[in-house]
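Undergrad: Sequence:
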Amino acid sequence: MRTLIPLLLLFTLTAQAAGPGQNAVASAHPLATQAGMEILDQGGNAFDAAIAVAAALAVVEPYSAGMGGGGFWLLHREQDGFQTFVDARETAPGAASPTMYQDKDGKVMRDWAVNGPSAAGIPGQAAAFVHVAEKYGKLPLTTTLSPAIKLAKNGFPVDEKYRKLASYREEVLNRFPESAGIFLHNGKVPPSNHVIRQPDLARVLTAIAEHGNDGFYQGDVAQKLVDGVQQTGGLWTLKDLADYKVVERTPVVSQFRGARVVSAPPPSSGGIVMANALNILSQFNNGHTGDMTPHITIEAMRRAYQDRARYLGDPDFVDMPVDKLLSMDYAEQRAASITLDKATPSASLGKPVSVEEGFHTTHLSVLDMEGNRVAATLSINLPFGSGFVPPGTGVLLNNEMDDFSAKPGSPNAYGLVGSEANAIAPGKRPLSSMTPTFVEFDDRVAILGTPGGSRIISMVMLGLLEAADNKPVEDWVSRVRYHHQYLPDEVQAEPEFVGSEAAKQLMLLGHKVVSTGRDYGNMQAILWRRDINAVSAASDPRGIGSAEVRAAGDGQASNPEMERLLQTLP
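Using this note's numbering, you'd call the opening residue of the sequence shown number 1 and step up by one each time.
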């Protein structure tokens with residue numbers, strides 16, 4: 001055994017230097033996972049595969065993501081450890097104003113802010129594809145977008161998830177003949193297995209593949225987008241499209257229980273809010289809180305979400321006390337008001353401000369055999385976004401403008417209110433909760449994220465706690481979820497949690513526990529065990545997605561013999 005240990009250590013060090021030797025993709029739709037694997041099989045890296053997955057999702061998940069939306073891409077390049085955050089969030093058009101969704105009496109016109117082209121920000125998805133491909137990929141977009149182009153041309157079958165979400169937006173889709181013609185069947189929700197074909201979208205994807213940014217933000221496609229928007233009451237101009245740029249930002253990095261947590265910076269609130277909550281949690285036995293975990297975790301969420309509403313917005317427009325929010329001194333101050341024997345009323349903590357955004361988002365996680373990795377969360381906001389497709393484009397536009405505060409103090413589509421930090425301004429990016437995340441331990445790396453509106457942050461946090469406990473990746477995506485966002489002052493939880501012993505204990509402490517009425521979230525996660533060079537991946541059982549791990553050459557997803565051997569070591 002004394003001889004074996006150095007050999008095993010040598011194997012581990014060599015394996016870490018060489019990468020996992022396995023490719024992994026987890027996404028919210030099997031056809032998108034398949035597209036990513038196809039690109040990896042062709043010699044593409046994780047960045048190429050992420051583009052292929054995102055483009056495929058833009059075709060087969062029109063209710064969650066698309067070329068008319070945007071998102072955030074967290075990237076890690078293994079050869080030099082470089083990490084960056086590609087901000088492809090939508091921007092407000094140049095004619096936008098803080099009062100654009102208010103009538104002459106100052107009342108918010110909710111329909112104007114949610115439905116049709118008036119609700120759409122300038123999309124960032126196409127620019128993200130071009131940027132990631134040119135700076136980090138190995139393959140041309142003509143290759144990486146090919147699977148999505150085929151899916152758009154040939155079509156995909158409608159499933160029950162599609163039917164359910166289309167039913168929510170059937171009336172809005174029917175307002176716009178172009179949208180109804182693509183996503184409905186004779187004006188109704190399509191039957192199961194009805195094939196959705198999108199030839200116009202295939203042409204737009206081809207234009208991007210062949211001409212890069214100019215294929216979307218200039219020329220014929222841009223003209224059709226702007227004409228369609230303006231003719232139906234929207235504010236876009238050709239200059240708005242031509243001026244759109246992705247921004248690379250420095251990820252938020254924090255520490256928790258020996259792990260380096262790498263996550264999303266503003267205009268996502270995710271990384272800061274999660275780090276803030278984890279820092280507060282760390283004040284209690286370094287985050288190991290035993291039976292008190294739900295109570296203390298909820299109290300940490302309550303305080304972190306309050307700070308989200310008070311301070312956070314687009315960093316290009318708003319000064320934010322980021323260093324303060326990430327500091328352990330501040331976490332200690334916030335933790336001091338937590339008592340172990342009762343819930344803290346949110347009203348006692350100060351100013352009653354909160355924000356929320358749409359739940360219909362998607363996430364993908366990718367790891368390649370060299371160790372490059374991507375966590376990307378993409379969105380068009382509400383199901384089927386604004387419901388509007390500019391004629392001749394096949395591009396379903398987002399309604400992310402509702403993520404701004406249409407009027408500080410006035411409720412958005414979810415009945416919650418926002419602050420001045422997230423007020424509308426030309427070129428500004430609305431605040432988000434999307435939280436693509438890497439969790440880096442000495443012996444393993446986690447890649448995870450999920451859709452779910454303001455609950456994204458709490459879901460990723462709960463998944464991270466599972467990873468910190470060294471649980472398998474399947475546990476991260478399947479664990480029962482609960483959430484607190486300061487206001488409303490209630491614990492929102494999946495039905496399975498509401499009847500649990502943990503929920504009863506929370507109620508005894510004074511927490512109001514309410515059921516969301518359904519399960520929520522759709523986490524996609526990958527675990528790379530660097531110590532034994534094994535990769536596993538999982539797709540949330542609540543969704544229809546898939547996760548696949550494929551070893552280089554022989555298709556083996558792990559090394560169980562090496563895992564068994566290492567477990568015998570002292």
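Think of the hints as simulated: they come from the structure by calculation, not from any bench. Take these hints with a grain of salt, some might be off.
[Said to hold, decoys possible] Restricting the straight-line Cα-Cα distance to at most 30 Å, the calculated cross-link-like pairs of lysine-lysine (DSBU-like) are:
{"no.": "1", "residue 1": "K188", "residue 2": "K245"}
{"no.": "2", "residue 1": "K342", "residue 2": "K324"}
{"no.": "3", "residue 1": "K135", "residue 2": "K239"}
{"no.": "4", "residue 1": "K135", "residue 2": "K245"}
{"no.": "5", "residue 1": "K135", "residue 2": "K150"}
{"no.": "6", "residue 1": "K164", "residue 2": "K188"}
{"no.": "7", "residue 1": "K239", "residue 2": "K224"}
{"no.": "8", "residue 1": "K104", "residue 2": "K153"}
{"no.": "9", "residue 1": "K245", "residue 2": "K138"}
{"no.": "10", "residue 1": "K161", "residue 2": "K150"}
{"no.": "11", "residue 1": "K104", "residue 2": "K164"}
{"no.": "12", "residue 1": "K324", "residue 2": "K104"}
{"no.": "13", "residue 1": "K161", "residue 2": "K135"}
Undergrad: What are the numbers of the hints that this structure violates, sorted from low to high?
TA: Hints 1, 8, 11, 12, 13 contradicted; others consistent.
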